[in-house]
Amino acid sequence: MDDVTALTATTLAADVRAGRRSARAITDAFLDRIAATDGAIGAYLAVDVDGARAAADAVDAARARGEALGPLAGVPVGVKDVIVTRDLVTTAASKILAGWRPPYDATAVARLRAAGAVVLGKLGCDEFAMGSTGEQSAWRATANPWDLARVPGGSSSGSAAAMAVRSAALTLGTDTGGSIRQPAAFCGVVGLKPTYGRVSRWGAIAYASSLDQIGPLAATVADAALALEVIAGLDPRDATSIDAPAPALTAALDRGVRGLRIGLPREYLPDDLDPDVAAAVARARAILADAGATIVDVSLPHTRYALPAYYVIAPAEAASNLARYDGIRFGARAKDPADLDALYARTRGEGFGAEVIRRIMIGTYVLRAGSYDAYYRQAQQVRALVRRDFDRAFAEVDCVLAPVAPTPAWPTGATPTPLDMYRADVFTLACNLAGLPGLAVPCGATAAGLPLGVQLMGRPLDEATLCAAGQVIERATGPAPRAPWPPRGAA
Amino acid sequence: MAAAGGRVTWEPVIGLEVHVQLATATKAFAPVPVAYGAPVNSLTDPIVLGMPGALPTFNRAALVAAVKLGLATRSQIRARSRFARKHYFYPDLPKGYQISQHDEPLCEHGAIDVWIAGARHTVALARIHLEEDAGKLNHDGPISRVDLNRAGVPLCEVVTEPVLRSAEQAFAYMKALHRLVRALGVCEGDLEKGHLRCDANVSVRKVGAAAFGTRVELKNINSFRFVKAAIEHEIARQIRVLEGGGQVERETRLWDGVAGISQSMRGKEEVADYRYLPDPDLPPLVVDAELLAAVQATLPELPADRLARLVAAGLAFDDADLLTSDAALADYLDAAVAAAPGSARTIATWIVNELLRELGGRPIADSPVAATALAELAAAIDDGTISGKLGKDVFAKMVATGDGARAIIEREGLRQITDPAAVRAMAEAIVAANPRQAEQYRAGKDSLLGFFVGQLMKASGGRVNPQLASDTMKALLAGA
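Just so you know, the sequences run in chain order A and B. The first sequence stops at residue 490 when you use numbering that gives the first Met the number 0, and every number in between is there. The second sequence stops at residue 479 when you use numbering that gives the first Met the number 0, and every number in between is there.
Treat the hints as calculated values from the structure; they're not laboratory data. In this text, all values refer to a predicted model and were calculated from it rather than measured experimentally. In this text, a Cβ means the ideal position worked out from N, Cα and C, and glycines have one as well.
Label pairs and their computed distance ranges (CB to CB):
1) B:Asp44 / A:Arg376: 25 to 35 Å
2) B:Thr121 / A:Arg376: 27 to 37 Å
3) A:Ala368 / B:Thr213: 16 to 26 Å
4) B:Asp304 / A:Ala368: 35 to 45 Å
5) A:Pro336 / B:Thr121: 43 to 53 Å
6) A:Asp271 / B:Asn40: 49 to 59 Å
7) B:Asn40 / A:Ala67: 34 to 44 Å
Between the sequences and the hints, there should be enough to build the whole structure, so can you do that?
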């Protein structure tokens, strides 16, 4: 039987444009796939059946009228719940935004729609994108489709899980310290964190504004490249978006890596690295070398300070960004507060989850007049050093190869302390501090069948090199398989 | 100027922080119109409402206005300044923070020239920074309603050094700032609409003391009238505390203009920590040489300079002061003086005494008399063509008909009779017609001179110069 949901976004769009498939048939197939899988996976927080069908019908009608169709015509996409969608409930997986219907679309969503994509619904995540497991959702945790007893990674947990089980053909996530790349690696899909400023943050519910970036999760590097081409570009509504020409990524895919110099940063390959993860990096290294790249050892000496700096800067910005959730204008409000202070305290105390409150507390503390210099200012100085490390490395190499996470996906509930969870971001957050693009690509699996991924980090605005190198790895290891269905570990 | 309360042993030290609403078409960080009196919450969008995912983008018109104010105050303008988030919770503050500037303000170390009682003073400014306004709460019994129409309106906060030494000086400074921002066109300056809002930092110290006393921040001083009253009240309160052996507490007090008192709003133990954070949503604000030059080219003559020029041109200080209170009024004056360069003082007098009365509070743009027409009238008076007294009749006819002064003078035959022989002939006729009064005058009843001069003025239709009329009549009656 022709399983439409097994196809790549690139193929689906080509089929719709050529008239080989209708957008409506594709959308219905994916809606069926959601119905079949999501009870066990829990990737979706909201499915917009009517909206998706209407959007698909609109694509088909446009084609019937002979209109030119966009590059993502008829491609069903899922959107992380921290990205706002017009009239479609958006909660950032938080009680404090229960039932909130945004009056506008995020720019990335608007660009997807303009390219013909069909929005299926909203994908689960850690509350306000704060977490590395998907378990910090106010609504539901998402299971890893490869092993339901394991976490899918986070914070873009639903985006990665939906891709792994193909209950969407393409998804959007956000990445503040690894939130696209780490769940992509845990779920065996491709995740691309663009250069800071490449994709407009207009409509991305802010966690840490100087680090947040929207990016695609996809079945293949080519799909991720296609999606980024659509959503990238200057947006006058985001003052931090970069005025750079749209990246010609799909054209660069087949460039190969011959002649490229690829760095292996020694700080990312510690002696105690998980052997499966180390093996995946070694495999990728061999593939890239065989394909003609020169592998060079490099050093990023301030790597060890990146994690503490990140966990000062991100909570500081988070505490500020989340000040707007006060129960006054939108979202949840505590019932019958005694006075204004009680309104604030109870609305926020009842509305935010434990991890969000923890980061607000940390952020509030580090921004106090008495601790600003010792924490925030110093963290910014570290950030500058981390960036300089990469600048120096990129004078010698074209990109670097590294692990994504220190381990494969771990069992649900296995992160006993917040610090354990924070440490899982150790290989991904420097990329955000430096504003660089990062690509997570599947690269084999553990003996138990858990996906493994590797990470490529590149120069600012050079997603093209990452996609070319990523495609070399993907071609050598074979396209990432769909997670088996019914899943292993299912009752 | 003695401190309030008549004590001379205490010296007040005052610094003002004035929020100036910039006259831009749209808000500081959102493409939403700025307007007064619009339906509640109609001037909002996701940015103004602080909705999730909404981002600010800075309105360049506000930057141009702020740079203009910076140049006009001879400020050091930073090539790169930053916006910072100032955090506090209040229902009129949608994002839980105000976008402001903190340790990298746009302007520093400027000065504003202030004329006080005919002398030019300079008030040093610590800084001028850009920020957004908050919304407004409308209280209705137990219910408070939020109106965010004003939220996000661009402001410049203009902060003086603690250099003011009396409520009168503070008042004069406020007036000068008001005049300056209106002349620059950066603020509409309508105090009723809250376009200028003032907070004052007030302390007192013994005369001769080097250190400042403990300062109290007075908030909510929204009119010129209140500036003086609020500061005087606070100075007197602090002196009373100190003379009673107490200590002034570091606090923030809210001025109640209706009751004429202040009330403590926040004490020392509650000093706010705003947890400033450089705003990661907004790139550094860059002011390059090109922008500076472009804005510099638009600077008008500043009101303080204009006042100095007018005084030098011979205007009475009070007239010059009044006429530079409004740039359009001063422009009118300049246009009139350009048409009659020798008559500046007369023109000023006529604007102040006649034209402004005629306008009755309406703007000078509504003047029924063109600047050149008024110049003609002033010149006619100054060169003796008509008397000042007849000038009033001519002015009234100018208002009524819109005709020029000379045309009216000729048409009505109002030209002053300056030929002594003609005046003498008229005088002789009057004396001849009033022999009894002439007899009495010559017998010593001097008061009858007024009668004869009056008859002469009447006979001439007021066209004889009153002095000439008096001199001629006196000589004639004396038998000369």
